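Protein chains: 2
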Amino acid sequence: MGEDAGRGLECQKIMDGKGNNGNSSQKAIPSCCLKARASAAELEAKCHSTVVSGWFSESQSSSDKAGKMVYFNNPMWPGEAHSLKVESILYKASSDYQEVLVFESSSYGKVLVLDGIVQLTEKDECAYQEMITHLPLCSIPSPKTVLVVGGGDGGVLAEISRHSSVELIDICEIDRMVIEVSKKFFPELAAGFEDPRVCLHVGDAVEFLRNVPEGKYDVIIVDSSDPVGPAQELVEKPFFDTLARALRPGGVLCNMAESMWLHTHLIDDMISICREIFKGSVHYAWASVPTYPSGVIGFLICSTEGPAVDFLNPINPIEKLEGAHQHKRELRYYNSQMHKAAFSLPSFLKREVRLLCD
Amino acid sequence: MGEDAGRGLECQKIMDGKGNNGNSSQKAIPSCCLKARASAAELEAKCHSTVVSGWFSESQSSSDKAGKMVYFNNPMWPGEAHSLKVESILYKASSDYQEVLVFESSSYGKVLVLDGIVQLTEKDECAYQEMITHLPLCSIPSPKTVLVVGGGDGGVLAEISRHSSVELIDICEIDRMVIEVSKKFFPELAAGFEDPRVCLHVGDAVEFLRNVPEGKYDVIIVDSSDPVGPAQELVEKPFFDTLARALRPGGVLCNMAESMWLHTHLIDDMISICREIFKGSVHYAWASVPTYPSGVIGFLICSTEGPAVDFLNPINPIEKLEGAHQHKRELRYYNSQMHKAAFSLPSFLKREVRLLCD
Numbered sequence: 001m002g003e004d005a006g007r008g009l010e011c012q013k014i015m016d017g018k019g020n021n022g023n024s025s026q027k028a029i030p031s032c033c034l035k036a037r038a039s040a041a042e043l044e045a046k047c048h049s050t051v052v053s054g055w056f057s058e059s060q061s062s063s064d065k066a067g068k069m070v071y072f073n074n075p076m077w078p079g080e081a082h083s084l085k086v087e088s089i090l091y092k093a094s095s096d097y098q099e100v101l102v103f104e105s106s107s108y109g110k111v112l113v114l115d116g117i118v119q120l121t122e123k124d125e126c127a128y129q130e131m132i133t134h135l136p137l138c139s140i141p142s143p144k145t146v147l148v149v150g151g152g153d154g155g156v157l158a159e160i161s162r163h164s165s166v167e168l169i170d171i172c173e174i175d176r177m178v179i180e181v182s183k184k185f186f187p188e189l190a191a192g193f194e195d196p197r198v199c200l201h202v203g204d205a206v207e208f209l210r211n212v213p214e215g216k217y218d219v220i221i222v223d224s225s226d227p228v229g230p231a232q233e234l235v236e237k238p239f240f241d242t243l244a245r246a247l248r249p250g251g252v253l254c255n256m257a258e259s260m261w262l263h264t265h266l267i268d269d270m271i272s273i274c275r276e277i278f279k280g281s282v283h284y285a286w287a288s289v290p291t292y293p294s295g296v297i298g299f300l301i302c303s304t305e306g307p308a309v310d311f312l313n314p315i316n317p318i319e320k321l322e323g324a325h326q327h328k329r330e331l332r333y334y335n336s337q338m339h340k341a342a343f344s345l346p347s348f349l350k351r352e353v354r355l356l357c358d
Numbered sequence: 001m002g003e004d005a006g007r008g009l010e011c012q013k014i015m016d017g018k019g020n021n022g023n024s025s026q027k028a029i030p031s032c033c034l035k036a037r038a039s040a041a042e043l044e045a046k047c048h049s050t051v052v053s054g055w056f057s058e059s060q061s062s063s064d065k066a067g068k069m070v071y072f073n074n075p076m077w078p079g080e081a082h083s084l085k086v087e088s089i090l091y092k093a094s095s096d097y098q099e100v101l102v103f104e105s106s107s108y109g110k111v112l113v114l115d116g117i118v119q120l121t122e123k124d125e126c127a128y129q130e131m132i133t134h135l136p137l138c139s140i141p142s143p144k145t146v147l148v149v150g151g152g153d154g155g156v157l158a159e160i161s162r163h164s165s166v167e168l169i170d171i172c173e174i175d176r177m178v179i180e181v182s183k184k185f186f187p188e189l190a191a192g193f194e195d196p197r198v199c200l201h202v203g204d205a206v207e208f209l210r211n212v213p214e215g216k217y218d219v220i221i222v223d224s225s226d227p228v229g230p231a232q233e234l235v236e237k238p239f240f241d242t243l244a245r246a247l248r249p250g251g252v253l254c255n256m257a258e259s260m261w262l263h264t265h266l267i268d269d270m271i272s273i274c275r276e277i278f279k280g281s282v283h284y285a286w287a288s289v290p291t292y293p294s295g296v297i298g299f300l301i302c303s304t305e306g307p308a309v310d311f312l313n314p315i316n317p318i319e320k321l322e323g324a325h326q327h328k329r330e331l332r333y334y335n336s337q338m339h340k341a342a343f344s345l346p347s348f349l350k351r352e353v354r355l356l357c358d
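In order, the protein sequence lines correspond to chains W and V.
If you're matching positions, the first sequence starts at 1 in the UniProt record's numbering and goes up one per residue.
If you're matching positions, the second sequence starts at 1 in the UniProt record's numbering and goes up one per residue.
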């Protein structure tokens with residue numbers, strides 16, 4: 001990335017395949033801001049196809065055959081959108097895998113967006129990163145080997161580094177641009193990469209896992225994008241099989257598992273698959289993350305057959321973990337009380353996801 | 001309300017003080033849809049100042065002195081907005097107190113909006129109504145007398161009616177239009193008014209409470225709007241004094257208490273006030289409600305000096321309550337596990353609200 005990072009505010013051809021009209025005598029409205037042309041007073045400094053009138057919305061836009069702009073929001077959460085006011089766009093580019101956007105929001109700090117979907121904001125990333133990391137790592141005594149799938153921003157690594165028992169942290173992220181962008185704009189998260197225990201593998205996780213010795217890891221954390229497009233196979237049975245194979249007996253998987261308000265069918269499917277594969281235990285937990293659709297995110301947490309794991313009562317509580325609080329980052333969301341509470345589920349979820357009923 | 005309810009889709013002068021231009025030869029765009037003029041393809045059927053391109057957003061609009069439209073979002077959550085796709089607008093009018101809007105959304109069912117702020121949607125109202133009701137009512141044995149402040153949609157009443165020990169339910173709602181609109185569009189909630197134990201008082205709660213005999217109620221539930229404008233005094237000390245006076249010794253208050261992600265100062269203030277006034281105990285709990293700002297809502301729950309109340313371990317668990325599950329409405333969110341979990345607080349909240357630390 002290097003020179004490109006934070007290169008300013010001009011609209012890139014790369015974003016929508018169209019340039020400006022070149023007429024410098026009048027202030028051109030970039031094509032990606034067509035939607036803003038009429039309704040925005042303050043579009044000049046905030047040029048991106050997802051930003052209208054100075055607000056970012058999780059929506060997708062494309063041109064139909066007649067060249068008319070068509071707007072629809074993400075198929076994972078039809079009919080609703082969360083918008084953030086944009087102070088300035090800090091970075092945008094297309095990687096080999098996705099569109100990468102970083103902007104400064106007026107109320108949630110810096111925001112990382114991949115393919116139009118908010119991945120994290122400075123204000124609320126703590127909830128997701130801390131929960132997806134400490135739910136598994138505090139559930140077993142002295143975790144030593146950890147694999148992170150995805151997680152290129154480094155936030156999960158930064159949280160793992162609180163655990164002094166850990167000796168090896170493999171991370172397999174497919175998109176190098178995400179890592180570079182995080183190093184530039186989210187240094188507090190990307191500091192996770194500086195931990196000497198971290199071994200970075202840039203590539204496809206399915207491929208990576210094929211070559212992992214059986215039973216290598218105590219813990220695997222799948223910090224992936226939503227299962228639309230490239231991440232689709234990360235919620236299918238063969239992938240979970242590979243994950244289970246890479247875990248030692250009694251090893252633990254924690255997998256991002258969408259919103260209990262919006263995705264009960266997907267949760268139901270994932271739990272069915274995991275109940276078949278993981279013979280230890282399978283649970284669902286959730287946390288409040290304001291900038292994720294419906295304001296929550298879920299975690300599927302499973303253990304393989306072996307030493308029993310009691311997820312609901314952390315055997316390795318963070319409050320007693322030497323060094324866990326002497327970290328550059330304060331723990332902002334997670335504590336043992338939140339750990340236990342995260343497994344309490346609304347009645348509708350227990351009814352709709354048949355394997356979650358008591 | 002009567003004839004006016006659901007009267008269709010024409011823009012009312014009452015909404016923005018401007019009529020159409022009267023030129024019937026061309027299809028006039030109503031003034032309240034100016035924002036939509038350029039960007040919307042489907043504005044015809046969805047005419048309201050908060051609806052743009054067929055999407056409702058929590059924002060406020062007004063004309064400045066030069067007649068130019070000015071847009072800003074609610075001062076309670078600057079810099080973010082949640083939007084819902086609108087299928088059709090079912091009702092809109094101005095009461096003596098506020099603008100009332102009901103629309104059918106494409107993914108959250110019918111939505112009630114007051115002064116541009118979502119009050120409830122059919123999909124997620126369960127979380128708020130069930131928690132604000134059963135947190136207090138399940139915390140004391142055999143509650144008999146209950147007061148609801150606000151709550152004109154009837155949802156809290158519908159939840160209270162699960163409790164057969166209750167003998168009297170007073171409700172004091174200032175805006176009769178909210179009650180009438182709920183009867184028409186949210187009959188499942190408004191059914192709460194049909195409970196013969198309910199005694200409806202239309203009027204100002206501050207005034208009402210002045211005339212209440214000391215120690216009359218076992219439980220008071222304050223289901224009010226956000227403390228901007230008319231509801232401002234409902235978060236101030238004199239009002240809490242009046243509430244405490246109306247409770248019997250060991251009686252319980254449950255008060256809507258905003259978002260832990262957005263309003264720590266307000267929560268801090270409310271808790272400070274209540275710690276002074278309520279000598280029993282004061283706790284903060286929260287629930288996930290996707291269509292409220294930041295996806296959560298909090299509850300301040302307090303008891304007066306008298307028989308001790310252990311909010312964290314419900315003495316009157318709903319699972320053992322005769323008749324509580326033989327109700328027209330299924331319990332969708334609340335259960336005793338969720339009750340206990342709701343008092344678990346993120347570390348940032350305990351740090352920022354000094355009286356919440358362990």
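Please keep in mind that the hints were generated in silico from the structure rather than gathered at the bench.
Keep in mind that the hints are not guaranteed to be accurate.
As the list claims (entries may be wrong) - Straight-line Cα separation of at most 27 Å, DSS-like style, residue types lysine-lysine; simulated pairs:
1. Lys279(W) <-> Lys183(W)
2. Lys350(W) <-> Lys237(W)
3. Lys350(W) <-> Lys340(W)
4. Lys328(V) <-> Lys340(V)
5. Lys184(V) <-> Lys328(V)
6. Lys237(V) <-> Lys216(V)
7. Lys350(W) <-> Lys110(V)
8. Lys183(V) <-> Lys340(W)
9. Lys279(W) <-> Lys328(W)
10. Lys340(W) <-> Lys328(W)
11. Lys340(W) <-> Lys110(W)
12. Lys320(W) <-> Lys340(V)
13. Lys320(W) <-> Lys340(W)
14. Lys340(W) <-> Lys350(V)
15. Lys350(V) <-> Lys328(W)
16. Lys320(W) <-> Lys237(W)
17. Lys350(W) <-> Lys340(V)
18. Lys340(W) <-> Lys320(V)
19. Lys237(V) <-> Lys350(W)
20. Lys183(V) <-> Lys144(V)
21. Lys110(V) <-> Lys216(V)
22. Lys144(W) <-> Lys183(W)
23. Lys320(V) <-> Lys350(V)
24. Lys350(W) <-> Lys144(W)
25. Lys350(V) <-> Lys279(V)
26. Lys110(W) <-> Lys216(W)
27. Lys328(W) <-> Lys183(W)
28. Lys320(W) <-> Lys350(V)
29. Lys144(V) <-> Lys328(V)
30. Lys110(W) <-> Lys350(V)
31. Lys320(V) <-> Lys350(W)
Stated by the list, open to error - Chain W side only, calculated, beta carbon under 7 Å to chain V, not exhaustive:
32. His82
33. Gly203
34. Val206
35. Ser288
36. Pro290
37. Ala308
Just so we're clear, the structure is a prediction, and the values are computed from it rather than from any experiment.
A virtual CB, placed ideally from N, CA and C, is assigned to each residue, including glycine.
Taking the hints in turn, this is what the structure says about them:
The straight-line distance between the Cα atoms of Lys279(W) and Lys183(W) is roughly 39 Å, outside the 27 Å bound, and the hint therefore fails. As the CA atoms of Lys350(W) and Lys237(W) are separated by approximately 23 Å, the hinted pair is consistent with the 27 Å bound. Between Lys350(W) and Lys340(W), the direct Cα distance comes to roughly 17 Å. Compliance with the 27 Å bound is thereby established for this hinted pair. Between Lys328(V) and Lys340(V) the CA atoms are separated by roughly 25 Å; this keeps the pair inside 27 Å, and the hint holds.
At most 27 Å may separate the alpha-carbon atoms for a hinted pair to count; Lys184(V) and Lys328(V) meet this at roughly 18 Å. Distance restraint check for Lys237(V) and Lys216(V): the Cα-Cα separation of roughly 20 Å lies within the 27 Å cut-off, and the hinted pair is therefore satisfied. Annotation: proposed proximity of Lys350(W) to Lys110(V) holds, straight-line Cα distance about 24 Å (limit 27 Å). With a C-alpha separation of about 40 Å, the suggested pair Lys183(V) and Lys340(W) falls outside the 27 Å cut-off, and the hint is violated.
Under the criterion of a C-alpha separation no larger than 27 Å, the hint pairing Lys279(W) with Lys328(W) is inconsistent with the structure, at around 38 Å. Distance check on the hinted pair: Lys340(W) and Lys328(W) sit about 25 Å apart at the alpha-carbon level, within 27 Å; holds. As the CA atoms of Lys340(W) and Lys110(W) are separated by approximately 30 Å, the hinted pair breaks the 27 Å bound. For the hint linking Lys320(W) to Lys340(V), the alpha-carbon distance of about 23 Å falls within 27 Å, and the restraint holds.
Among the hinted pairs, Lys320(W) with Lys340(W) is consistent with the structure: their alpha-carbon atoms are about 16 Å apart, no more than 27 Å. Restraint check: the Cα-Cα separation between Lys340(W) and Lys350(V) comes to about 17 Å, which is no more than 27 Å; the hinted pair holds. With a C-alpha separation of about 19 Å, the suggested pair Lys350(V) and Lys328(W) falls inside the 27 Å cut-off, and the hint holds. Under the criterion of a C-alpha separation no larger than 27 Å, the hint pairing Lys320(W) with Lys237(W) is inconsistent with the structure, at around 37 Å.
Using a Cα cut-off of 27 Å, the hinted pair Lys350(W) and Lys340(V) holds, with the two alpha carbons roughly 17 Å apart. With a C-alpha separation of about 23 Å, the suggested pair Lys340(W) and Lys320(V) falls inside the 27 Å cut-off, and the hint holds. The hinted pair formed by Lys237(V) and Lys350(W) fails the criterion: a straight-line CA distance of about 41 Å is larger than 27 Å. Between the alpha carbons of Lys183(V) and Lys144(V) the distance comes to roughly 26 Å, so the proposed pair stays at or under 27 Å and holds.
About 36 Å separates the Cα atoms of Lys110(V) and Lys216(V), which puts this hinted pair outside 27 Å; it is violated. For the proposed pair Lys144(W) and Lys183(W), the alpha carbon gap of about 26 Å is at most 27 Å, so the pair holds. Taken as a hint, the Lys320(V) and Lys350(V) pair is broken in the structure, with Cα atoms around 32 Å apart against an allowance of 27 Å. Distance hint between Lys350(W) and Lys144(W) is unfulfilled; the C-alpha atoms sit about 34 Å from each other, more than 27 Å.
Between Lys350(V) and Lys279(V) the alpha-carbon distance is near 21 Å, which keeps this suggested pair within the 27 Å criterion. Restraint check for Lys110(W) and Lys216(W): not satisfied, since their Cα atoms lie roughly 36 Å apart, outside the 27 Å limit. Of the pairs offered as hints, the one joining Lys328(W) and Lys183(W) holds, with about 16 Å between alpha carbons and a cut-off of 27 Å not exceeded. Pair hint Lys320(W) plus Lys350(V) holds up; C-alpha atoms about 18 Å apart against a cutoff of 27 Å.
Proximity of Lys144(V) to Lys328(V) is assessed by CA-CA distance (about 22 Å); at most 27 Å being required, the pair is judged to hold. Proximity of Lys110(W) to Lys350(V) is assessed by CA-CA distance (about 24 Å); at most 27 Å being required, the pair is judged to hold. Under the criterion of a C-alpha separation no larger than 27 Å, the hint pairing Lys320(V) with Lys350(W) is consistent with the structure, at around 18 Å. Hint status for His82(W) relative to chain V: holds, with the closest Cβ pair at about 6 Å, below 7 Å.
This hint is violated: Gly203(W) has a C-beta 35 Å from the nearest C-beta of chain V, more than the 7 Å allowed. Hint status for Val206(W) relative to chain V: violated, with the closest Cβ pair at about 32 Å, above 7 Å. The restraint placing Ser288(W) at the interface with chain V holds, with a minimum CB-CB distance near 5 Å, inside the 7 Å limit. With 7 Å as the threshold, the beta carbon of Pro290(W) comes within range of chain V, its nearest partner Cβ sitting at about 4 Å, so the hint holds.
Given the 7 Å rule on beta carbons, the hint for Ala308(W) is violated: about 21 Å separates it from the nearest Cβ of chain V.
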